Amino acid sequence: MTSVLYDVPGPRAKRRNILYSAVFLVLLGLAIWWFLSVMGDRNQLTADKWKPFVTDGALWTTFLLPGLGETLKTASLALVIALPLGALLGIGRLSDHAWVRVPVGTVVEFFRAIPVLLMMVFASAVFAQFTPIESDVRPLYAVVTGLVLYNASVIAEIVRAGILSLPNGQTDAAKAIGMRKGQIMGYVLLPQAVTAMLPALVSQLVVIVKDTALGGAVLGLSELLFQIRPITANYGANTIAAFTVVALIYIVVNGALTRFASWLEGRLRGRKKSTGAVVPVEKVDAKMGGGA
Amino acid sequence: MFDFLDSPQYDLLGAFWVTVQLTLYSALGSLIWGTLLAGMRVSPVPLMRAFGTAYVNVVRNTPLTIVIVGCSLVLHQTLRIELGGGTSKEIGFKMAILGLVAYTGTFVCEALRSGINTVPVGQAEAARALGLSFFQVLTLIILPQAFRSVVAPLANVMIALTKNTTVAAAIGVAEAALLMKEMVENESDSLFAVFGVFALGFVLLTLPTGLFLGWVAKRVAVKR
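Quick mapping for you: the protein sequence lines, in order, are chains A and B.
Residues in the first sequence are numbered from 1 upward in steps of one, following the numbering used here.
Residues in the second sequence are numbered from 1001 upward in steps of one, following the numbering used here.
One should not assume that every hint holds.
Partial list, computed: chain B residues near chain A (C-beta under 10 Å) [what the hints assert, rightly or not]: (1) R1060; (2) N1061; (3) T1062; (4) I1116; (5) F1198; (6) L1205.
Examples of chain A residues lying across from chain B (beta carbon under 10 Å, computed) [said to hold, decoys possible]: (7) L28; (8) F35; (9) V116; (10) V126; (11) L225; (12) V246.
Because the hints were derived from the structure by calculation, they are not lab data.
Model, not experiment: these values are computed from the prediction.
The beta carbon of each residue, even a glycine, is placed where N, CA and C say it ideally should be.
Next comes chain A alone, as it looks inside the complex (with noise of 0.2 Å):
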């Protein structure tokens, strides 16, 4: 759609964008030159703060594989009780019942308004004093606890967008065969909205796995973030080396769960047997990381 706010250029114009692309290259070329020259009075720039990366493979057994590992079991753990939790509370959301509909509605609001982080806190204090479970797996769980309060709310409004999604004839359709309620939601509405809604789903996770790095940065999780001490501990302070490589890590990680959403969410509006109805991604959460 860009195109519509400008012509397709002629010969004067792609002179002028010759010329704003060659400024606009020189003041980038000039940031990066400016960033790279306090790097390098910091001896951030020297070979051996970047070469363990490359030729250490110790660092990526001992520190930044497991941190991976850690940051994707908690993220699937998450998103594993969170869904099923999600599922109830959307359907719960659309009972016809005011004392389902209205208590349910007030649980997933209040928990959407209040940051990932204060709930990971107070999960983390509530096991440390009435539960016995061990202080090193308690980030674990507390980190968990917190990101399942949080998305199932979130999994519960996609449940919901994803059942609204779907025609009223599917409905209509069911209670003209004489199916029950239950039956309308189990056998008819819920099995079509889930198609509808995976691809939103797919985005939540890029949003869970964001999350994860709160619990290494507040709570000691030892997940990617966290590994960052330890390396530039025992390679030679190589804060930013290390800083980039797990940037890099997660942005690949997320890039492909990105892509690998917008990819179902394309096939599931192409496809010809369904209704065609999809839960639009951007609609959940704005992909904030919205609790963090």
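Once you've looked at the hints, dock chain B against the given chain A.
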């Protein structure tokens, strides 16, 4: 049960005031940065478009925690960049805002870009027919209408931003989440009351934002 509220040891209002300040400064900064990014992404200069796209895709997929901790650890502690200096407390505050702006700007950009899509093609064509340049078309015709149609999505971004300011606790900025972490450690006998107070604080911060911006969105939306 709530006697921790009277204790002079905890500056509850002060902590929430820091949260509010973080939110306001970051909101302003990310609106400006996001608009610039959106302008780049729809501009006729291929290099700017490429930069905008790359920036948005990279930063959106990076955890905010990485961005903020990175600002503090990489920019401040390793490279000694101080953003105008001050005490280490002030620098931490500025670094948190820098990180929040860098991150939230991408979401503002994407919201604005979808807003630009809602402006009818004829508007831009008419503006070009009058001889307006790309910059004039964008700033005089397209963006004013785009902004009016994306108030509601922007409200969601701002609410998320309010909650995201808690990540500044990771670099020791004395805002609400950090105070709560301190309080749940010290006041273990009134755990639930502490959580309740902070939860209420965030509900009170985000609810009016949502209601107010929802009202604004209805008022300013371009009826088509």
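For the hint on V116 of chain A, does the least C-beta distance to chain B fall short of 10 Å?
Holds. Min distance 8 Å.
Restraint outcome when V246 of chain A is required to lie within 10 Å of chain B by C-beta distance:
This hint holds: V246 of chain A lies near chain B, its Cβ roughly 7 Å from the closest one there, short of 10 Å.
Do the numbers back the hint for N1061 of chain B, that is, is its least Cβ distance to chain A under 10 Å?
Check passed: Cβ of N1061 of chain B comes within 4 Å of chain A, closer than 10 Å.
Tell me if T1062 of chain B is really an interface residue toward chain A, meaning its C-beta lies closer than 10 Å to one of theirs.
holds, 6 Å
Any CB of chain B closer than 10 Å to the CB of L225 of chain A?
Check passed: Cβ of L225 of chain A comes within 6 Å of chain B, closer than 10 Å.
Interface hint compliance - V126 of chain A to chain B, C-beta minimum distance less than 10 Å:
It holds, given that the least Cβ distance between V126 of chain A and chain B is near 6 Å, below 10 Å.
Take the shortest C-beta to C-beta distance between L1205 of chain B and chain A; is it under 10 Å?
holds, 9 Å
When the least beta-carbon distance from I1116 of chain B to chain A is tested against 10 Å, hint result
Where the cut-off is 10 Å and the nearest Cβ of chain A is about 8 Å from I1116 of chain B, the hint holds.
Was the hint right that F35 of chain A lines chain B, CB cutoff 10 Å?
holds, 8 Å
Hint L28 of chain A vs chain B: min CB-CB distance below 10 Å?
holds, 7 Å
If you take the shortest Cβ to Cβ gap from R1060 of chain B to chain A, is it below 10 Å?
holds, 7 Å
Closer than 10 Å between Cβ atoms is the bar; does F1198 of chain B clear it against chain A? Give me holds or violated.
With a closest approach of 6 Å, the F1198 of chain B hint holds.
The structure fails none of the hints (numbered hints given earlier).
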